[in-house]
Amino acid sequence: MGSGALQVRKGGELVNAVNRPGAMIGEVSVLLNKAYGATVEATAPSVLRHAADRQAFLATDPEISRLVAVDLAELLNFVSSYLSDLKHQYGDAPGLAMVSDVLKQLALRQAPLARPGSARDPDPDS
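Going letter by letter, the sequence shown gives residues 1 to 126 in this note's numbering.
There's no promise every hint is true.
[What the hints assert, rightly or not] Restraint ranges, calculated between C-beta atoms of paired labels, are given here:
#: 1; residue 1: V28; residue 2: E63; range: 24 to 30 Å
#: 2; residue 1: M98; residue 2: N77; range: 29 to 35 Å
#: 3; residue 1: G2; residue 2: G37; range: 20 to 26 Å
#: 4; residue 1: A73; residue 2: D53; range: 43 to 49 Å
#: 5; residue 1: G95; residue 2: R54; range: 33 to 39 Å
#: 6; residue 1: Q105; residue 2: A17; range: 22 to 28 Å
#: 7; residue 1: A44; residue 2: L106; range: 32 to 38 Å
Hints in this document: simulated from the structure, not taken from any laboratory. Predicted, not measured: the structure shown is a model, and the values here were computed from it. We put the beta carbon where it would ideally sit given N, CA and C, even for glycine.
Given the sequences, and given the hints that come with them, work out the whole structure.
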């Protein structure tokens, strides 16, 4: 994002407000190679840069990928800290019993298994 202010909504609920120059929007869908899962609305005049080939844009500079990784790590840290604080402050209050389950799922979530191979040797076991 060049400048301005944006709101990100999922299912009609506000999940993020973006007003930092250089912020990326849609990085999760790019990394997961999925359709966009949120709606973004400008709340002030905004200047944005659009990458027609999202995957190629991320591959153009390792610093771009690092910035995306830092943003996502900060978001994950915020969410897990927030959930942990909720659990600590309110225990098993009605309506919050699922917080423990969410924290467990975050802790146990594993990436897909790595597969051996490369572009030069896509099937090294044969």
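Status of the hints after comparison with the structure:
no.: 1; hint: V28 x E63: 24 to 30 Å; verdict: violated (19 Å)
no.: 2; hint: M98 x N77: 29 to 35 Å; verdict: violated (20 Å)
no.: 3; hint: G2 x G37: 20 to 26 Å; verdict: holds (24 Å)
no.: 4; hint: A73 x D53: 43 to 49 Å; verdict: violated (25 Å)
no.: 5; hint: G95 x R54: 33 to 39 Å; verdict: holds (38 Å)
no.: 6; hint: Q105 x A17: 22 to 28 Å; verdict: holds (26 Å)
no.: 7; hint: A44 x L106: 32 to 38 Å; verdict: holds (33 Å)
Checked against the numbered hints above, the structure violates hints 1, 2, 4; every other hint is satisfied.
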